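Participant: Residue strings, one per chain:
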Amino acid sequence: MHHPSPVTHDIQHATMVWGLLVGMTLCSFYLSTQLAGLRLMSAILTLAILKAAWIAFDYMGLRRTQLGWRLAMGLWLAMVASAIALSCFLPG
Amino acid sequence: MDTETLTRADTTATQPLPGDFAIWVFIFAELTVFGILFTAYAFARESHLALFNMEQRLLDRQTALANTLLLITSSYAMVRSVLAIRADQIARCIRWLLLAMGLGCGFVVLKIREFAHDATLGITLSHNLFDMFYLSLTFFHFMHVILGLTILASVTLRALGGHYNASSHTGVESAGAYWHMVDLLWVILFALVYVIH
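Note that the protein sequences, when read in sequence, are chains A and C.
Residue numbers for the first sequence follow the working numbering, so the first one is 1 and each next one is one higher.
Residue numbers for the second sequence follow the working numbering, so the first one is 1 and each next one is one higher.
Possibly wrong hints are sitting among the right ones.
Said to hold, decoys possible - Straight-line alpha carbon distances no greater than 25 Å define the calculated SDA-like cross-link-like pairs of lysine to any residue that follow:
#1 C/LYS111 <-> A/CYS27
#2 C/LYS111 <-> A/VAL22
#3 C/LYS111 <-> A/GLY19
#4 C/LYS111 <-> A/TYR30
#5 C/LYS111 <-> A/LEU26
What the hints assert, rightly or not - Partner residues aside, some chain A positions facing chain C, computed with beta carbon under 10 Å:
#6 LYS51
#7 MET73
#8 MET79
#9 VAL80
Said to hold, decoys possible - Per label pair, the in silico range of CB-to-CB distance:
#10 A/SER82 <-> C/CYS105: 32 to 40 Å
#11 C/GLY122 <-> A/HIS13: 42 to 50 Å
#12 A/ALA78 <-> C/SER47: 20 to 28 Å
#13 A/THR33 <-> C/ASP88: 44 to 52 Å
Since the hints were made in silico from the structure, they are not lab data.
Every value quoted in this text rests on a predicted model; they were computed, and no experiment measured them.
Cβ atoms here follow ideal geometry from the backbone N, Cα and C, with glycine treated the same way.
For reference, chain A alone in the conformation it holds in the complex (with noise of 0.2 Å):
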């Protein structure tokens, strides 16, 4: 059975990721124009969220690096996600 040569198989990988990172792009810029309010917020937020992962997992090359690092960098994600969640959704 034939396998990529790891380069390729990277390549690949960048390729589906960028691929995923526009598509989820221009979903939240369509969403933003049929919803609004609590839904919305909660749609774009979760999209805004997992393509900054997305980038720092794997563009930033953190997804085969030494667990502490991959764990900073959660931590640091889930703490604004969490900050700017908790604000939005206060009661106005």
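Use these hints to put chain C onto chain A, whose structure you have.
Facilitator: Leaving out everything else, chain C in the frame of chain A:
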């Protein structure tokens, strides 16, 4: 286990952090500053919801979408340049670096046009709370894009001078990590400032 399987096993094993350690200290410091600004924006928005929703309508969302796509694609080009140098393909690495810079310059041009358009609409730092946050956040990020482009230009010049190869390319990885941070920040900025309403 054949050679191909061994090579794949090597690449999927845990690796040290890509790039220079110092750039990661810098990245975490920058992310923390932006994290505080994003949180402040979110809390300010919560307490001035009507003002933020009204002012947000004046922003050029199409340009912001184009800028997001430019930065995400530029980050992809950066990934390809790092992969190329790891495979010792220096010419290819330089071509991808130039593309990453070109797309980054596209972002700068669109953003300058957007700032100029904002000025004609009377959007200034002292106009209201939303404008203050919008201009501060986007201009602060804009300065990071300029710094990122300067780093990319420096790395490209060094690559042209033959300073990098498959076994020594920390500079390319460091520049890549910084450039991805710029992208990561814009992704959150785009959602927070332009899209959520």
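Participant: List, from low to high, the hint numbers that the structure doesn't satisfy.
Facilitator: none
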